[in-house]
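In order, the protein sequences belong to chains A, B and C. Going by this note's numbering, 40 is the number at position 20 of the first sequence; the sequence numbering is gapless. Going by this note's numbering, 37 is the number at position 17 of the second sequence; the sequence numbering is gapless. Going by this note's numbering, 113 is the number at position 93 of the third sequence; the sequence numbering is gapless.
Just so you know, the hints here were simulated from the structure itself, not pulled from any lab data. One should not assume that every hint holds.
Which copy is meant is left open, so a pair is good if it fits within one copy or across any two.
[What the hints assert, rightly or not] Under the rule of at most 30 Å between Cα atoms (straight-line distance), these lysine-lysine pairs were calculated in the DSSO-like manner:
| id | residue 1 | residue 2 |
| --- | --- | --- |
| 1 | K170 | K192 |
| 2 | K64 | K94 |
| 3 | K170 | K94 |
| 4 | K84 | K192 |
| 5 | K192 | K37 |
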Amino acid sequence: MLMQSSVLFSSKPAWVKAQYSTSPVDTNPMAATVPGPGPKWAQKTITLPPHRRGCHLVTSQILKEIRPDLSEFKCGLAHLFLQHTSASLTINENYDSDVRDDTETFLNKIVPEGRSAPWKHTLEGPDDMPAHIKSSMFGCALTVPITDGKLNMGTWQGIWLCEHRDAPTARKVVVTLNGI
Amino acid sequence: MLMQSSVLFSSKPAWVKAQYSTSPVDTNPMAATVPGPGPKWAQKTITLPPHRRGCHLVTSQILKEIRPDLSEFKCGLAHLFLQHTSASLTINENYDSDVRDDTETFLNKIVPEGRSAPWKHTLEGPDDMPAHIKSSMFGCALTVPITDGKLNMGTWQGIWLCEHRDAPTARKVVVTLNGI
Amino acid sequence: MLMQSSVLFSSKPAWVKAQYSTSPVDTNPMAATVPGPGPKWAQKTITLPPHRRGCHLVTSQILKEIRPDLSEFKCGLAHLFLQHTSASLTINENYDSDVRDDTETFLNKIVPEGRSAPWKHTLEGPDDMPAHIKSSMFGCALTVPITDGKLNMGTWQGIWLCEHRDAPTARKVVVTLNGI
Chain A
21 MLMQSSVLFS SKPAWVKAQY STSPVDTNPM AATVPGPGPK WAQKTITLPP HRRGCHLVTS
81 QILKEIRPDL SEFKCGLAHL FLQHTSASLT INENYDSDVR DDTETFLNKI VPEGRSAPWK
141 HTLEGPDDMP AHIKSSMFGC ALTVPITDGK LNMGTWQGIW LCEHRDAPTA RKVVVTLNGI
Chain B
21 MLMQSSVLFS SKPAWVKAQY STSPVDTNPM AATVPGPGPK WAQKTITLPP HRRGCHLVTS
81 QILKEIRPDL SEFKCGLAHL FLQHTSASLT INENYDSDVR DDTETFLNKI VPEGRSAPWK
141 HTLEGPDDMP AHIKSSMFGC ALTVPITDGK LNMGTWQGIW LCEHRDAPTA RKVVVTLNGI
Chain C
21 MLMQSSVLFS SKPAWVKAQY STSPVDTNPM AATVPGPGPK WAQKTITLPP HRRGCHLVTS
81 QILKEIRPDL SEFKCGLAHL FLQHTSASLT INENYDSDVR DDTETFLNKI VPEGRSAPWK
141 HTLEGPDDMP AHIKSSMFGC ALTVPITDGK LNMGTWQGIW LCEHRDAPTA RKVVVTLNGI
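Working from the sequences, and respecting the hints, build out all of it.
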């Protein structure tokens, strides 16, 4: 076989490295002894059920959809892309629901809504323009490292779906996994 | 040939999957019948012409520069990186220009400018420090999934360039495409 | 050998392109003459020493950890992921420290702290809930293009670590490099 497989170099801190060489087989003595996988791509669209206005921890909902595929990646990146402009994805504290409630309080405090608000775009309701602004503040996409088949987040990190509209709506997320 | 090509697995929802195997040819019966492309990288720097202070929909300007190359990717990620610290890139509503105007109104409302502002960094003008803050609020980079040769955004999503300086300036964006 | 190596197409602006073909060797005349590297992945966790509350330029600290590996990539993406929920990573001005101080002033101005603050989550101190909010405002991850072995940032761009807690803490960053 002609592709060189994953090689591990140790250092402090250690890099996990993989290169897919184009060396001809006769200059590639490791190939026969260390097969290993090549680069992989996986992509699908998942749907998160409607959530009430506010911030919600959705790590487990997302992992339920992608875990079997995620487990095939030793090293890589997971990209989550929310296909909407009135909700957002962010990574924050995964334990105390008060943190999610306080974040919603903050967003409502700095983005005025209703009569006092200066918005021109009001056709879709008083909560619509504030929702667009909040979506750009937190963003609609996340990229998380994959290590040994898992999302390599910190102990206290979780994935939040922030629903900025009053009317709960199902939300689509395009998940793209890339790695080795 | 020794590389295994794109394989499609169906499920609900379906994953699009591709793996480049290092299996020796004799264990790779599909290879001869399903060649298909391997992983690809493409990168270039594009220049967006000067835009007045405010939020601007630039999806079509960007697609004009990258569409032919984008169309070569069945599955992947497109990364857009604005090389500036007084403008930003965000994804938001692509239809009503009032949404862009209201977003500019919001940014000017929460980031004070002029005499009332507490900034120390004023050498480059009263709009400069607020521009830096707005740039970090919305960010200077976007990653968008590529599916079947197109940016896989939602129906109402578009790419915005937010120009935070008073003096319109051409802005450089490094575009990196990666996929299969 | 069966893999086709990096090919450069010139245009205005020029794309740097690379494709790893699955074409059988007899249809791949370039292979023997243009070997070149295949796709590569490298990942490690680095630790940034404790920084006082505020915004700090950490480009050189990060490059010190990754430069030798970064130099192996002709074209790719560098992903930095902060494994914490009370600090953030952002890209902004790399020259005048007043810009970092003014940004910290802004964050403290819009996220109330102490008696006047409406937060429910106060067990970990008055600076904790504001820190979580600031972390989602600026985000905990960055993706930067790699070109010719270097981070391809603009002249005035630098990587900032924003420490939102009063008590300085060491912060972990998972760095993932992917490219050719």
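Consistency of the hints with the structure:
{"no.": "1", "hint": "K170 to K192", "verdict": "both (22 Å within a copy, 17 Å between copies)"}
{"no.": "2", "hint": "K64 to K94", "verdict": "both (19 Å within a copy, 13 Å between copies)"}
{"no.": "3", "hint": "K170 to K94", "verdict": "both (8 Å within a copy, 25 Å between copies)"}
{"no.": "4", "hint": "K84 to K192", "verdict": "both (15 Å within a copy, 27 Å between copies)"}
{"no.": "5", "hint": "K192 to K37", "verdict": "between (33 Å within a copy, 19 Å between copies)"}
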